[in-house]
Amino acid sequence: MADAPRTRRVIVAISGASGAVYGARLLQVLQGQPGVETHLVVSDAGWRNLQHELDMDRPAVEALAHRVHDAANVGAAIASGSFQCHAMVVAPCSMRTLAAIAHGLADNLLTRAADVALKERRRLVLMVRESPLHLTHLRNMVAVTEMGGIVCPPLPAFYLRPTSVGDIVDYSVARVLDLIDLPHDMAPRWEGLDMPGAQLAP
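Be aware that the sequence shown starts at 3, since it is given in this note's numbering, and climbs by one per residue.
Calculated from the structure, these hints are not laboratory results.
Backbone N, C-alpha and C define an ideal beta-carbon position, used for all residues, glycine too.
Mixed in with the good hints there might be a few duds.
[Stated by the list, open to error] Label pairs and their in silico Cβ distance ranges:
1. I152 / W192: 17 to 23 Å
2. P185 / P158: 20 to 26 Å
3. L56 / I152: 21 to 27 Å
4. R163 / S133: 20 to 26 Å
5. T9 / L140: 34 to 40 Å
6. R8 / P134: 40 to 46 Å
7. H68 / D46: 19 to 25 Å
8. E193 / E132: 20 to 26 Å
9. L195 / R8: 29 to 35 Å
10. S84 / L162: 37 to 43 Å
Starting from the given sequences, assemble the full structure and let the hints guide the process.
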């Protein structure tokens, strides 16, 4: 008898940067993924942005996750390296949260869970949101990258000719799903351009 597929736990964190839609959309997509269990943690500023940008109240957001953890509860399961986890995504990731992760502050559950992901060599994806960037922002991105995290700003792919904000959001969420090795059909794959007169090299 074949073994049952292992449940893959994904931590979704929503911090206070603009772009709460990325976290909400990621939760919606993961909700429909078989064998995926989502654990949600939201900062105080993240809750404010979900309400301000999406008109989503706390119960509506919490309903998208399998388990919800209070950002102040550093004793939660996801604060421990013994908690088996497939990946963690911070969507969106504010510069304050980036800085805390880059310097190992672990001053709340969100940044502690990210610190655990790094120390346990698990996949950590940060959808950083800020523009323009100053030198400290860039250095913090370098520090996280050197520790094994992935900095993945949610940037549109205009070559796919998006026709709505939803298309742009879905493309960025699709890239994150690729990075955490989960299947999807949210965005078309680039097949290349057939250039007139182009020939394959011998």
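These are the hints, each one checked on the structure:
Hint check: I152 to W192, Cβ distance near 20 Å, so the stated range 17 to 23 Å holds. Roughly 23 Å separates the CB atoms of P185 and P158, a value that falls within the hinted 20 to 26 Å. Roughly 25 Å separates the CB atoms of L56 and I152, a value that falls within the hinted 21 to 27 Å. For the pair R163 and S133, the beta carbons lie near 23 Å from each other, so the given range of 20 to 26 Å is met.
About 37 Å separates the C-beta atoms of T9 and L140, a value consistent with the hinted range of 34 to 40 Å. Taken as a hint, the range 40 to 46 Å holds for the pair R8 and P134, whose Cβ atoms sit roughly 43 Å apart. The given range of 19 to 25 Å is respected by H68 and D46, whose C-beta atoms sit roughly 22 Å from each other. The beta-carbon spacing between E193 and E132, approximately 33 Å, falls outside the hinted interval of 20 to 26 Å.
For L195 paired with R8, a C-beta distance near 40 Å fails the hint of 29 to 35 Å. The hinted range of 37 to 43 Å is satisfied by S84 and L162, whose Cβ atoms lie roughly 41 Å apart.
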